[in-house]
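*Asks:* Starting from the structure of chain A, add chain B where the hints point.
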Amino acid sequence: ETGVTQTPRHLVMGMTNKKSLKCEQHLGHNAMYWYKQSAKKPLELMFVYSLEERVENNSVPSRFSPECPNSSHLFLHLHTLQPEDSALYLCASSLRTVDSYEQYFGPGTRLTVT
Amino acid sequence: EDKVVQSPLSLVVHEGDTVTLNCSYEVTNFRSLLWYKQEKKAPTFLFMLTSSGIEKKSGRLSSILDKKELFSILNITATQTGDSAVYLCAVGRYGGATNKLIFGTGTLLAVQP
Chain A
595 ETGVTQTPRH
605 LVMGMTNKKS
615 LKCEQHLGHN
625 AMYWYKQSAK
635 KPLELMFVYS
645 LEERVENNSV
655 PSRFSPECPN
665 SSHLFLHLHT
675 LQPEDSALYL
685 CASSLRTVDS
695 YEQYFGPGTR
705 LTVT
Chain B
190 EDKVVQSPLS
200 LVVHEGDTVT
210 LNCSYEVTNF
220 RSLLWYKQEK
230 KAPTFLFMLT
240 SSGIEKKSGR
250 LSSILDKKEL
260 FSILNITATQ
270 TGDSAVYLCA
280 VGRYGGATNK
290 LIFGTGTLLA
300 VQP
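Protein chains in written order, with our numbering: chain A, 595 to 708; chain B, 190 to 302.
This is chain A alone, in the form it adopts within the complex (with noise of 0.2 Å):
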């Protein structure tokens, strides 16, 4: 598989359920990111990663917890969301977080918290 994927799809959750979102890079890329996209809204840079470790937190709140086990994988993990946190979330990878602004985006995941 090429690119940048992303599981699930498609997620509908209560405010008090943890789920886990996946992205999956294979294209060799030392950076990955989270996005968030809300209607109407511009893309919101939620976290940086590189090289597995976080570089950068822009003020998310902590009900969004990310993890990047390696440089291929990186999860967010969700616990006690808000109805507003519905929204796509896009993961991202590029070459490098310096001097390397071309990213790569995965399909995303459209989340409904209910």
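A few of these clues could be false.
[Stated by the list, open to error] Every beta carbon over 10 Å from chain A, so not counted as near; a handful from chain B, in silico:
| id | residue |
| --- | --- |
| 1 | Asp206 |
| 2 | Thr209 |
| 3 | Lys230 |
[To be verified] EDC-like mimics (lysine to aspartate or glutamate), calculated; alpha carbons at most 20 Å apart, straight line:
| id | chain 1 | residue 1 | chain 2 | residue 2 |
| --- | --- | --- | --- | --- |
| 4 | A | Lys630 | B | Asp191 |
| 5 | A | Lys634 | B | Asp191 |
| 6 | B | Lys245 | B | Glu258 |
| 7 | B | Lys230 | A | Glu618 |
| 8 | B | Lys245 | A | Glu696 |
| 9 | B | Lys256 | A | Glu661 |
| 10 | B | Lys192 | A | Glu638 |
| 11 | B | Lys230 | A | Glu638 |
| 12 | B | Lys226 | A | Glu696 |
| 13 | A | Lys634 | B | Glu228 |
| 14 | B | Lys226 | A | Glu638 |
| 15 | B | Lys229 | A | Glu638 |
| 16 | A | Lys612 | A | Glu647 |
| 17 | B | Lys257 | B | Glu244 |
| 18 | B | Lys230 | A | Glu696 |
| 19 | A | Lys635 | B | Glu190 |
| 20 | A | Lys635 | B | Glu228 |
| 21 | A | Lys634 | A | Glu696 |
| 22 | A | Lys635 | B | Glu215 |
| 23 | B | Lys192 | A | Glu696 |
| 24 | B | Lys257 | B | Glu190 |
| 25 | A | Lys630 | B | Glu228 |
| 26 | A | Lys634 | A | Glu661 |
| 27 | B | Lys246 | A | Glu696 |
| 28 | A | Lys613 | A | Glu661 |
To be clear, the hints were calculated from the coordinates, so they are not data collected in a lab.
Since we're looking at a predicted model, the values are computed, not measured.
Glycine is no exception: its CB is placed at the ideal position from the N, C-alpha and C atoms.
*Replies:* What follows is chain B alone, placed relative to chain A:
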């Protein structure tokens, strides 16, 4: 505060028309401007522009950057229904330990047969 503004917000055209999408920006430590196409899935990369006045072209799509006036345009000629999508503009800025992409809200293009 960094911002990227795209216009129009949405556009409806007929097949064969030519369209121009606009992106203006105010971003500190500018490094590059990128265009993406987003259908009902992953945004797919179109162009990255770093130098003013040099047109990048791919088939019916072309783009140019003006770093003095802080804007870019994306042109699509002889539009087809398959061009219907949201077109995202993003500006890459140097951010110390990491580079960041600052995105606009996108232009929704609908091409009617």
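*Asks:* For this structure, which hints from the list above don't hold up?
*Replies:* Going through the list in order, the structure violates hints 3, 9, 16, 21 and 26 and respects the others.
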